[in-house]
Amino acid sequence: MTGDGTFFDTGLGACGKTTSDSDLIVAVSQDLYDTFPGAGANPNLNPICGKKIQAHYQGKSVTVTVVDRCVGCACGSLDFSPAAFEKLADFSVGRLQGVTWNYV
Numbered sequence: 001m002t003g004d005g006t007f008f009d010t011g012l013g014a015c016g017k018t019t020s021d022s023d024l025i026v027a028v029s030q031d032l033y034d035t036f037p038g039a040g041a042n043p044n045l046n047p048i049c050g051k052k053i054q055a056h057y058q059g060k061s062v063t064v065t066v067v068d069r070c071v072g073c074a075c076g077s078l079d080f081s082p083a084a085f086e087k088l089a090d091f092s093v094g095r096l097q098g099v100t101w102n103y104v
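Quick note: the sequence shown uses the UniProt record's numbering, first residue 1, plus one each step.
What the hints contain is simulated information worked out from the structure, not anything from laboratory work. Don't take each hint at face value.
[Unchecked claim] Think about it this way: if two alpha-carbon atoms lie no more than 35 Å apart in a straight line, the pair counts; the simulated DSBU-like pairs of lysine-lysine are:
| # | residue 1 | residue 2 |
| --- | --- | --- |
| 1 | Lys51 | Lys87 |
| 2 | Lys17 | Lys60 |
| 3 | Lys17 | Lys87 |
| 4 | Lys87 | Lys60 |
| 5 | Lys51 | Lys17 |
| 6 | Lys87 | Lys52 |
| 7 | Lys52 | Lys17 |
Fair warning: this is a prediction, and the values are worked out from it, not measured in the lab.
Using the sequences and the hints given, assemble the complete structure.
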């Protein structure tokens, strides 16, 4: 998939786990999260939780774990923890356009 990459302040995510800014984690778009096969009424039990994603941007890559959903993200876009975002680009870039990614 391809989308934008942003970063967020971590904490308690939709998967029910508390994370920190130093964790290599990601939030996927609400559309993707809510329609993932097997998703039900309890977001903590969504099968997408814990899935690994490898994201690529301008020759750099990072492997992250899905722990949250991003309400403001377009389908295909990813919201990274600060530590994960920093593996792809400097914070000053803000929004990464053209991040490609796949499940691993």
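Quick rundown of the hints versus the structure:
1. For the proposed pair Lys51 and Lys87, the alpha carbon gap of about 19 Å is at most 35 Å, so the pair holds.
2. The straight-line distance between the Cα atoms of Lys17 and Lys60 is roughly 27 Å, inside the 35 Å bound, and the hint therefore holds.
3. For the given pair, Lys17 sits about 22 Å from Lys87 by alpha-carbon distance, which is consistent with the 35 Å threshold.
4. For the proposed pair Lys87 and Lys60, the alpha carbon gap of about 7 Å is at most 35 Å, so the pair holds.
5. Restraint check: the Cα-Cα separation between Lys51 and Lys17 comes to about 14 Å, which is no more than 35 Å; the hinted pair holds.
6. Using a Cα cut-off of 35 Å, the hinted pair Lys87 and Lys52 holds, with the two alpha carbons roughly 16 Å apart.
7. Restraint check for Lys52 and Lys17: satisfied, since their Cα atoms lie roughly 15 Å apart, inside the 35 Å limit.
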